[in-house]
Each structure stands twice: as C-alpha cells, then as structure tokens.
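Engineer: Take the sequences, apply the hints, and build the full model.
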Amino acid sequence: MDKKWKSICHILILGIVVLVIGACSSETKNNESGQKNTTEGSSEPKSGGTYTILSPADPDMLDPHRQSSIYTHQLAGLVYNKLVSYETGPNVDYTDYNVVPDLAERWEVSEDGKVYTFYLREAYWHDKEPVNGRQVTADDVIATMERIINLPGHQASLLSEVESITAKDPQTVVFTLKQPFAPFLNFMANHFMWILPKEGMEGKYDLATDAIGTGPFVLEKWEDNVQATFKKNPTYYEEGKPYLDEVIFKVVPDQGSRIAAFRTGQADTIGSLSPEELDQLIKTNPDITVFEALFATQEQLYLNMEKEPFNDLKVRKAISMAIDRQSMVKAIYGGGETSGPVNPSLGDWSLPLEEREKLQPYNPEEAKKLLEEAGYPDGFDTTLMVTNGYGEQLVRVAQWISEDLRNIGINAEIEVVEYATYFSERWPNVDYDMGVGYQTYFQEPDEWLRTQLHTNGARNWYNISDPELDKMLDEQRLILDVDQRREYVHDIQRYVLENLVNPIAISTYYTKTPRQPYIRDSYPHASYGYGYLKDVWLDK
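Quick note: the sequence shown uses this note's numbering, first residue 2, plus one each step.
Straight-line Cα separation of at most 20 Å, SDA-like style, residue types lysine to any residue; simulated pairs:
1. K205 x W223
2. K472 x N457
3. K115 x P181
4. K359 x R495
5. K179 x W108
6. K199 x A209
7. K359 x D349
8. K232 x E130
9. K242 x T53
10. K47 x Q517
11. K541 x T290
12. K199 x I166
13. K284 x T514
14. K251 x G272
15. K251 x A261
16. K169 x D140
17. K251 x I54
18. K199 x R148
19. K472 x T456
20. K179 x L160
Calculated directly from the structure, the hints in this document are not laboratory data.
Note that the coordinates shown come from a computational prediction; the quantities given were computed from them, not determined experimentally.
Structural biologist: Encoded structure:
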C-alpha cells in the first residue's frame, strides 16, 4: 500500500476517533489556537488524593538554570514560582499568554520603558534545610537573576538587555534595562524564570538533586529515572490550595506499559497518544475525558550548515520540498497544520496558514531538480538523528521523513540516540548531519527567531550565520508598537523561508491527552511546568 492510500485510511480512522471522542469527552475543542480549559462534575473542590503522572523519560538534573530540558522544567513547575506567570483557569485558552502576578503581586513600568519595578507578595519557602520556611525577599530574586545571567545557555539570553537589578527594599525589586525591550515582561513570565532561594546560589544545598521553592508542592524524594514524589505545600500563598495531597512523577519508558497502567487506573495522565492508541483506549475506557489542543511547539528537521551539502540553500530547499507534511501529520498525529518559523500556537505572530503552505510546498519533482542544480543528481548518503525520549511518535516522524527523502535520492540512515545524550550533548554541540526533534515551548516570537537563528543565538544549534538576518532579528525586539513589530516579525519569517530554510518546520499537531474521568479543574497551559495542578482535585 503506497503512502497516499495509507494516509486516506488514517484519515478515515481519525474521523471515527473524533466522533467517539466527541461522544465521551467532557471537554470541547474551541478553536485553532488552542483548547478552552473546561471541566464538568461536582462544583465544590475536595481535598486529598494522589495524582500520578507517567513519563517516558526523566531529567538528568533538577537545576532549572543549568538545564532547559522539558523534563527538568515540568518538575520545576510543581516546586517553584516566577515573578509573573501566564494566566490559567476556566475560559482561558491553552495558548493564551496573559501575564498575571505570581510572586510579584504587582509591577510598574517607567514611561521610557526601561525600568520595571516588581512588588513581592508575602510568600514563604518550603520548610526544608537549609532554607527552613523563611519569607521570600528581593535578595532571592536578585541572586536568582544574577546566576541566570552568569551561566551560559538559553536562560541568560532572556536577560541580555538587563543593565542592573537592585532592591529598593526587602520586598521590592527594580530591573533597569539598557534600552526599551519589547519581550521583557513575556520573558519574566517565561517557564525558565523560576525564582530560587539565595541559599541555593550560595551552594548550601545541591540544586542538581534537590529543589526548594515556594510552589504548591514540596519535593520529598527524587529517584533518578525511577520516580519523583511531591507532597502538598501547607504554606502555599494561595490559601486552600493545592487540593491534592501528593503528586507522583513516575518514569515508564515503554508506551504500551504507560497505556496499560492508565487503563487499569494506576495513572491519572500519560501524555498525548496517537489516533490509533487513543481509539483503542476509548474502546476499553469509554468514560475517560480527552484534552485536545494545538501543540505549543513543532517537529523540526534541522541541518548542520557547516557540513556539505547542507551549506547549499538549494539542497535545504530540496529537502523541505520533499516532505509531505500534511499526509504525515494526519497519519501520525491525527491532524494538525504546516508550521513555520514562529509556531502557530503564538496566534497571529505566526504567518497565516495559507502563506506557510505556499512558502513550504510539497513538490518532490522540483526537489529533484534543485538537487541536480546543486550537483547531486543522484542524491547523497547521510544520517538522521532522533531520540526516543519523547515517545514513539517522533521516531515515526523520522521514519516518514527518511522515506520522503529517499524518494528524491537522499539516503538518510536513522540514528536513535538516548535522550540525555541527544539533548545535552549531540544537538547543542551540533554533532550531527541532520536531526529531527521537538523544539522547546517558546513563549515569545523573539525566542522562536533570534534565539535559534541569530549568529549569536543561545539556541543556534545549527551553525547559522546570516548578517542581514541578524540585523532584522536585533531590530524587531526594539519595536514597542505591537502591530508594527508583528508585521516585521512576519517579514523576517518570509525571509527565513526564502533565504535560510533551517531549521525546517514540519508540523504543529493537535495533541489528544486522555485523563481519568474523576479529574476536575485541570487547566494546562502551553508552557512547561505542572504548576496548574494547584487547582486540580479528584472527584471520587
């Protein structure tokens, strides 16, 4: 059976799954930008119970400043808070980016846009040695931010325009910027900006293996690659919350084992499933609910531009044209859309879908012509790196891309790499020919663009260097008028799709995440961290 007919069959299966989901789910799809967070059941929250999460992998460390992995920051969201955060709750979309107070109960911005003053609320650290439940102060915020600035990595780039951070008094922190900077407040709400106690920066405990925060849950024990156990924080600043007594994050690498555990009630959530897996699960567990949302990131096919032939724009364009994005996203994920340099989860900061499709066509015959013009009429041999640390769907994406590339003469041998090696060594050190992976849940257009594509970008893990593009990327972050900046961001994306074509955005799919039917008031957000579990309670 060829790919076309396989895709048609998958589409028919998807239609059946969607009908079943619509009948059994208490959550309804809202619109293309995300999912309304709505739940049904008893109106009065009940305290108590354990919420169990099954994950295919574990972080290699808990230090949120030294590691940008999703697994580190998912756990961080249970333990820590930020100065400001993104709103969650009923009637808030999964991909809404409304900045709201967190440890800072309010803030002020100077008329020239260069001074941000944050006023801290009364909040207390977890009652663990050596912090012992003391109150959060401005010194903690300053120590945290100075550590981020002084460590290499993506987090430091978010504070690149900060000139000074000072304490006006023990509960007031003042950030002075070098110049007005459009993304600053979004960067403060970013899921990398967790506030840590100054004792951690002073080396009084090991940030790599322990976590002490102000968040809704207290880390009781972390067994690497086995389980992390969190207990309710009795001094959390939101009175009466959290409702759960305990959260367990358990590592179960095998997808089939995770599904079996969920099916038998041993887990409350297991992450997104393929249409086929979800269909089978609904048959055996028809009372589950399914949360559907446009994914906060995308699969990317990325190329090492210091290696031939990937330094040739014609080759990169040929590779992009060879990929049948629409058939792939339907077959593997059950639906989605062609992505772009700025992920469509950021709404109108991304190019319109019609333009994304036009600038990234599926045209294998034209791809063959471009390869011939580049001097590769018979194609070439290469390797395609991927990790199974995100589950089997990403491996299937790599297999699909490899098949599409073979159709234009490129023989891409797949190399499956263990997650910690993939994320901490191979990808950031540009130790690959080609690679396939999910990108971080970037929260701001500047992250999607400058962080990845600037010559000095903190996530330029592709050996990209384009002076004209660098200039555009630097300019867009200084435009304070939202409409003007958005249009310039669109122009940058058009330039990228015509003149760079790396990393190659593949698709942004609709995630379908099953939950047990007794889970109430679960309001996820398109950012890292399980902090939203502060609102969750179990109706059983």
